[in-house]
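Residues in the sequence shown are numbered from 266 upward in steps of one, following this note's numbering.
Don't read these hints as lab results, they were simulated from the structure.
One or more of the hints may lead you astray.
Listed below are the simulated BS3-like cross-link pairs for lysine-lysine, each with C-alpha atoms no more than 30 angstroms apart in a straight line [what the hints assert, rightly or not]: (1) Lys371 - Lys311; (2) Lys312 - Lys286; (3) Lys319 - Lys350; (4) Lys809 - Lys781.
Distance ranges between label pairs, derived from CB positions [stated by the list, open to error]: (5) Gly579 - Arg557: 21 to 29 angstroms; (6) Arg412 - Glu268: 23 to 31 angstroms; (7) Lys511 - Phe485: 38 to 46 angstroms; (8) Lys312 - Gly356: 19 to 27 angstroms; (9) Thr689 - Arg412: 41 to 49 angstroms; (10) Pro640 - Val279: 42 to 50 angstroms; (11) Arg574 - Arg412: 35 to 43 angstroms; (12) Arg412 - Asp308: 47 to 55 angstroms; (13) Asn616 - Glu647: 19 to 27 angstroms; (14) Glu523 - Gln650: 35 to 43 angstroms.
Model, not experiment: these values are computed from the prediction.
Yeah, the Cβ is synthetic: ideal placement off N, Cα and C, and Gly gets one too.
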Amino acid sequence: IAEGLAQKIVAADVPEELLDKRILTLDLSGMVAGTKYRGEFEDRIKKALDEVKKDGSIILFIDELHTIVGAGSAEGAMDAANIIKPALGRGEIRVIGATTLNEYRKYIEKDAALERRFQPVTVGEPSAEASVEILKGLRDKYEAHHRLTITDGALEAAVQLSKRYINDRFLPDKAIDLMDEAASRVRMKNEKSSPDLKALEEKLSALRREKEEAVAAQDFEKAAQIRDIEQDYEKQMEIERDNWHKKVAAEHGQVTEEDIAEVVSEWTGVPVTRLTEDEGQKLLHMEDTLHRRVVGQDEAVKAIARAIRRGRVGLKDPKRPIGSFLFLGPTGVGKTELCKALAEAMFGDENAMVRLDMSEYMERHTVSRLIGSPPGYVGHEEGGQLTEKVRRHPYSVVLFDEIEKAHEDVWNLLLQIMDDGELTDSQGRRVDFRNTIVVMTSNVGAKNIMAQGQRLGFAAGEDDAEKKEEQSFEAVRDAVMGELKRTFRPEFLNRIDETIIFHPLNEENIAAIAEKLLDNTAKRLEKLGVTMEVDGEAVKVVAKEGFDPVYGARPLRRAIQNCVEDAVAEKLLDGSVKEGDHILVTAENGKIAIRSGKAAQTAPAETAEEEKTE
Numbered sequence: 266i267a268e269g270l271a272q273k274i275v276a277a278d279v280p281e282e283l284l285d286k287r288i289l290t291l292d293l294s295g296m297v298a299g300t301k302y303r304g305e306f307e308d309r310i311k312k313a314l315d316e317v318k319k320d321g322s323i324i325l326f327i328d329e330l331h332t333i334v335g336a337g338s339a340e341g342a343m344d345a346a347n348i349i350k351p352a353l354g355r356g357e358i359r360v361i362g363a364t365t366l367n368e369y370r371k372y373i374e375k376d377a378a379l380e381r382r383f384q385p386v387t388v389g390e391p392s393a394e395a396s397v398e399i400l401k402g403l404r405d406k407y408e409a410h411h412r413l414t415i416t417d418g419a420l421e422a423a424v425q426l427s428k429r430y431i432n433d434r435f436l437p438d439k440a441i442d443l444m445d446e447a448a449s450r451v452r453m454k455n456e457k458s459s460p461d462l463k464a465l466e467e468k469l470s471a472l473r474r475e476k477e478e479a480v481a482a483q484d485f486e487k488a489a490q491i492r493d494i495e496q497d498y499e500k501q502m503e504i505e506r507d508n509w510h511k512k513v514a515a516e517h518g519q520v521t522e523e524d525i526a527e528v529v530s531e532w533t534g535v536p537v538t539r540l541t542e543d544e545g546q547k548l549l550h551m552e553d554t555l556h557r558r559v560v561g562q563d564e565a566v567k568a569i570a571r572a573i574r575r576g577r578v579g580l581k582d583p584k585r586p587i588g589s590f591l592f593l594g595p596t597g598v599g600k601t602e603l604c605k606a607l608a609e610a611m612f613g614d615e616n617a618m619v620r621l622d623m624s625e626y627m628e629r630h631t632v633s634r635l636i637g638s639p640p641g642y643v644g645h646e647e648g649g650q651l652t653e654k655v656r657r658h659p660y661s662v663v664l665f666d667e668i669e670k671a672h673e674d675v676w677n678l679l680l681q682i683m684d685d686g687e688l689t690d691s692q693g694r695r696v697d698f699r700n701t702i703v704v705m706t707s708n709v710g711a712k713n714i715m716a717q718g719q720r721l722g723f724a725a726g727e728d729d730a731e732k733k734e735e736q737s738f739e740a741v742r743d744a745v746m747g748e749l750k751r752t753f754r755p756e757f758l759n760r761i762d763e764t765i766i767f768h769p770l771n772e773e774n775i776a777a778i779a780e781k782l783l784d785n786t787a788k789r790l791e792k793l794g795v796t797m798e799v800d801g802e803a804v805k806v807v808a809k810e811g812f813d814p815v816y817g818a819r820p821l822r823r824a825i826q827n828c829v830e831d832a833v834a835e836k837l838l839d840g841s842v843k844e845g846d847h848i849l850v851t852a853e854n855g856k857i858a859i860r861s862g863k864a865a866q867t868a869p870a871e872t873a874e875e876e877k878t879e
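Produce the complete structure using the sequences and hints provided.
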């Protein structure tokens, strides 16, 4: 604004009173620099003020105005603010200062005498339309600097995308930076060095080395011949360089909306570029990707996949998270595993999710840990455990594990996240949740679901078993939803996109999970140079051993450790299985047996308890 006023004065586009005025910047850091003795800084300021008073046509501009408070102060000395106060009060000097609201509040507002000598003018953030006009005004300079063209669509995308995805900065600054970086990238892509020019440079370097060797050997005739060849190559290089510069100048790059979107994606980690064909296919088959890790639970997998597709193509509500889900079910049925599978499918890493165990937030005072401690309390500067993680990774899965254990004030915070897609932390910063998937897990109604699992167990082998299971599950759903309404408030449940009840695991599910876990064991053995094969009978034995309707699939891990991994570990230690050997895991008389090596001897796997019995 100050520079704009200076330009208007030069263009005589100001009232008559301002026509003879000049705007000069007062460099406070330059004033302080080099002052060794007391009174030296004050003397410099006094001389500068006297010069301004004497001239009468100078308007001083002080950037970062808050720095005058305390500048040059020492024991018994005055700071710059107190030196200029009398001149300001008498109207002998005219000053324009620039500072931020926070610093104005912190430094200038506290000094009432200094504050009343200035008239505050609040400069707000321009609207999106005004920002586009500002970018259009700057476009020519950036096009000339980067030697390319910037489309109108790119300018509009810079404003719209920065407004939506970059929340800790303001327009037009963030949009200008976006435009500049996108233009820089396009220019770097286009201005790749000419391969012919590079070949000539290498040849010229080789000739110069050869000439130096000839001179060192006092073979001046050869050196003269090489010099003539060198001059010819230099001429060729000049011609090639001119041609390359002309070619680059003729091939103007163009900054488009997609270039702007690429920069936003890199800055924020949120994919806002156009869907590639590969990514489109990946999203269409998201259910298959999730089912590689999660067995059964079709309803939950479909709901999650639908939400991701809506969010990625841009059909979701822009003011809310991509999806907010409540997963209900007993322990060990795949609630947390589905969240890990989702994080792996979206980000390539199952740990790319924000996981909060709600049992740590049971007391009222622990709620502040989510958004940060209030001012004056220990840990205020560190930020909140939830808000800081989401600020750093705005595109992520946020898992609130066992939500029913949290204090009611945590539920109030979640209302704001699910409805407005944002949260304000203890330092007043808005944290954007619009690009997150919010998942809450709960064990509410787990007793009803477990009762159904115990009724089904391994006995579901009749023709109408599926129909009976569906009828039973509908009854369970009604009972669970009733209990849910008694536990959570209506306004909380009303904001959840979908409440998903996880089915209890049946015989088929348990066998499929056993296969996956045994595959993981086989992969670990491969690293040791041993291959492992598991037949169908062995899988059935492990599944039966590890099935527990109360604990779901978790006992399977223990069953595999006891039945398979312990026996294989013993064989590796006693040398009966060596690197390069093949192991076959099979079942004999209802027990796991290991066949290994060339002899393929059978050795029943014994648990520690069985050894004690013997």
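Right, here's what the structure says about each hint:
Under the criterion of a C-alpha separation no larger than 30 angstroms, the hint pairing Lys371 with Lys311 is consistent with the structure, at around 26 angstroms. At roughly 20 angstroms between alpha-carbon atoms, Lys312 and Lys286 fall within 30 angstroms of each other, so this suggested pair holds. As the CA atoms of Lys319 and Lys350 are separated by approximately 17 angstroms, the hinted pair is consistent with the 30 angstroms bound. Straight-line distance between C-alpha atoms of Lys809 and Lys781 comes to about 15 angstroms, which keeps the hinted pair within the 30 angstroms bound.
Hint check: Gly579 to Arg557, Cβ distance near 27 angstroms, so the stated range 21 to 29 angstroms holds. At roughly 25 angstroms, the beta-carbon separation of Arg412 and Glu268 lies within the given 23 to 31 angstroms, and the hint holds. The hinted range of 38 to 46 angstroms is satisfied by Lys511 and Phe485, whose Cβ atoms lie roughly 39 angstroms apart. About 20 angstroms separates the C-beta atoms of Lys312 and Gly356, a value consistent with the hinted range of 19 to 27 angstroms.
Checked against the hint of 41 to 49 angstroms, the C-beta distance between Thr689 and Arg412 comes to roughly 44 angstroms, which is consistent with it. Taken as a hint, the range 42 to 50 angstroms holds for the pair Pro640 and Val279, whose Cβ atoms sit roughly 44 angstroms apart. Taken as a hint, the range 35 to 43 angstroms holds for the pair Arg574 and Arg412, whose Cβ atoms sit roughly 40 angstroms apart. Look at Arg412 against Asp308: about 49 angstroms separates their beta carbons, and that is inside 47 to 55 angstroms.
The supplied range of 19 to 27 angstroms is met by Asn616 and Glu647, whose beta-carbon atoms lie about 22 angstroms from each other. Range check, Glu523 to Gln650: about 36 angstroms between beta-carbon atoms, so the 35 to 43 angstroms window is met.
Every hint, counting from the list given before, is met by this structure.
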